[in-house]
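Here is what each chain is made of, one letter per residue.
There are 2 protein chains.
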Amino acid sequence: MNYKVEKLKVNYKTLEDFKKFKEYGVQELSMSEDLEANIVENGSESPFYGVYFGDKLVARMSLYQVEGRFNRYFEPAQDYLELWKLEVLPDYQSKGYGSALVQFAKEFGLPIKTNSRVKSKDFWTKMDFSSIQYDMERDLGENPLVWFPHGVKEQSTEK
Amino acid sequence: MNYKVEKLKVNYKTLEDFKKFKEYGVQELSMSEDLEANIVENGSESPFYGVYFGDKLVARMSLYQVEGRFNRYFEPAQDYLELWKLEVLPDYQSKGYGSALVQFAKEFGLPIKTNSRVKSKDFWTKMDFSSIQYDMERDLGENPLVWFPHGVKEQSTEK
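Protein chains in written order, with our numbering: chain G, 1 to 159; chain S, 1 to 159.
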């Protein structure tokens, strides 16, 4: 379980690799269009991290550092990481790739928030993520799960 | 295609009906717990609308009116509706239930935003929803689709 997690560069190979993942959406399309229209350069930074098996991208996630002033989840108020599009290709699942990515995210030392599928709850529990009080106005149908580094707790919501 | 759309009340029957839908998550669990703990009354308002076939709930959606000051999608700035958990039970699909719900939402005359699955794009296009410029900081992996009433357009995002 000693995988090397890398920050992915925006380039044609990465974008081609992304097509193998189920969660292919507007974000990837937008990156692809920006690259083709020269709005971003080949090789510029992306919000994605991934793990390669040989030269094959087999697992990935997106991470974005949300500024403290938009923080509606954690106390004390501070920047936190939003984690999304965590996905491991079918033939590579249950081998620790997903855990390696989440572990990597934790090492920034910031609180993490993700929006989980109900089916993947067991995985997140194993990774020490927990549910927070559902707040409809904030969550609008999301199933937020969070991870707290030491000294951080849930922001209290007024009912 | 003349279905009666009703605002759903929070009660034990509704919450039991919800278990038949695939998108059962924290929102439903939280409503269920609030009811059991008497935090909300049996029969209180919910964000859900639905269509019954006889006494069976066969289609539903959630709608929430987001205040104008949180509006990052539409111009001029104004309240808009967030639509989520639109779902029709398998045996009742392709009979116009989903369209009836979306049509109902449009009749509030407010702009609507939803987060679509890539697979359901055709349905939303048929309902006159369109993609907007993907803005990673705002959208964080969502695939936002919107519907504009007359006189409303997309909010410009600074790149």
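Quick caveat, the hints were computed from the structure, so don't treat them as lab data.
In this text, all values refer to a predicted model and were calculated from it rather than measured experimentally.
Be aware that one or more of the hints could be misleading.
Which copy? The list can't say, so a pair holds if one copy fits it or any two copies do.
[Claimed, not checked] With a Cα cut of at most 35 Å, we get these calculated DSBU-like pairs of lysine-lysine:
{"no.": "1", "residue 1": "153", "residue 2": "19"}
{"no.": "2", "residue 1": "153", "residue 2": "56"}
{"no.": "3", "residue 1": "153", "residue 2": "121"}
A quick look at each hint next to the structure:
no., hint, verdict
1, 153 with 19, "between (37 Å within a copy, 31 Å between copies)"
2, 153 with 56, "neither (38 Å within a copy, 42 Å between copies)"
3, 153 with 121, "within (20 Å within a copy, 38 Å between copies)"
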